[in-house]
Amino acid sequence: QQPVQSPQAVILREGEDAVINCSSSKALYSVHWYRQKHGEAPVFLMILLKGGEQKGHEKISASFNEKKQQSSLYLTASQLSYSGTYFCGTGFKAAGNKLTFGGGTRVLVKP
Amino acid sequence: EAGVAQSPRYKIIEKRQSVAFWCNPISGHATLYWYQQILGQGPKLLIQFQNNGVVDDSQLPKDRFSAERLKGVDSTLKIQPAKLEDSAVYLCASSLVFQGLNEKLFFGSGTQLSVL
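Residue numbers (the working numbering), protein chains in the order written: chain A, 1 to 111; chain B, 1 to 116.
Among the clues, some could well be false.
Some, not all, of what chain A presents toward chain B, calculated at C-beta under 10 angstroms [to be verified]:
no. : residue
1   : Pro3
2   : His32
3   : Gln36
4   : Met46
5   : Tyr74
6   : Ala77
7   : Tyr82
8   : Lys98
9   : Gly102
10  : Gly103
11  : Val109
Quick caveat, the hints were computed from the structure, so don't treat them as lab data.
All residues carry an ideal CB built from backbone N, CA and C; glycine is no exception.
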């Protein structure tokens with residue numbers, strides 16, 4: 001039930017855009033997005049719920065596509081501070097409200 | 001607001017030894033989680049507490065791992081005996097109420113365990 005994230009890694013120049021996808025083999029109820037910098041705790045970015053609207057955090061936004069069973073995270077006009085590993089966590093009501101994390105996407109933003 | 005506190009920050013032990021990790025969640029948070037994060041992978045849930053009761057421990061290797069949350073506040077995770085494959089970062093997280101899938105988790109900085 002672990003979600004699949006793609007790409008596994010991405011390198012950007014400051015100001016460029018990127019998209020990270022999180023795909024599930026089952027119908028999603030909720031998707032969480034977290035960012036983790038090296039040696040630090042994962043930090044919450046946003047939650048998307050089934051039927052909910054697209055969310056945003058600074059210039060980072062995300063969408064939830066129920067038909068595709070997928071969520072996408074959009075890094076717009078990337079900043080150096082966006083570097084880190086991004087994890088999606090998916091939840092299914094039938095799974096007892098348990099959150100399962102994907103393998104992560106490493107993002108490096110260069111000057 | 002104080003965050004989730006964990007200790008120790010690093011621990012190096014030899015295989016077959018025992019080790020314990022401590023976590024103090026954010027004050028007032030009812031739900032506490034222990035995750036194992038192997039290098040290059042996403043966090044894997046080991047155990048979830050609601051106050052001082054276990055909600056989910058289906059992925060906890062119970063032959064060697066144990067966890068408790070006394071009085072519904074602090075928690076300890078123990079490994080006895082440790083194996084090489086237990087080398088990982090152990091993250092503690094908490095949330096205000098029972099994880100209803102629409103509630104964010106607050107993570108601690110983790111304990112990095114190396115088993116030699």
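Checklist entry - Is the shortest C-beta separation between Ala77 of chain A and chain B less than 10 angstroms? => result Check failed: Cβ of Ala77 of chain A comes no nearer than 25 angstroms to chain B, outside 10 angstroms.
Next on the checklist: Checking hints one by one. Is Tyr82 of chain A an interface residue toward chain B, by the C-beta closer than 10 angstroms rule?
Outcome noted: violated (19 angstroms)
Checklist entry - Taking the least C-beta to C-beta distance, is Lys98 of chain A closer than 10 angstroms to chain B? => result Holds. Min distance 6 angstroms.
Next on the checklist: Just to be careful: measuring from the Cβ of Val109 of chain A to every Cβ in chain B, is the smallest value less than 10 angstroms?
Outcome noted: violated (20 angstroms)
Checklist entry - Quick one, is the Gln36 of chain A hint okay against chain B at 10 angstroms, beta carbons? => result Nearest chain B Cβ about 8 angstroms off; hint holds.
Checklist entry - At a threshold of 10 angstroms, is the proposed contact between Gly102 of chain A and chain B supported by beta-carbon distances? => result holds (5 angstroms)
Item to check | Status of the Met46 of chain A interface restraint (C-beta, 10 angstroms, chain B) | outcome: Cβ of Met46 of chain A sits 9 angstroms from chain B, so the hint holds.
Checklist entry - Is the hint on Tyr74 of chain A kept, meaning its closest Cβ partner in chain B is under 10 angstroms away? => result violated (19 angstroms)
Next on the checklist: Less than 10 angstroms between beta-carbons is the criterion; does Pro3 of chain A satisfy it with respect to chain B?
Outcome noted: holds (9 angstroms)
Item to check | Status of the Gly103 of chain A interface restraint (C-beta, 10 angstroms, chain B) | outcome: holds (5 angstroms)
Next on the checklist: Using the nearest Cβ pair, does His32 of chain A come within less than 10 angstroms of chain B?
Outcome noted: holds (7 angstroms)
In this structure, the earlier hints numbered 5, 6, 7 and 11 are contradicted, and the remaining ones agree with it.
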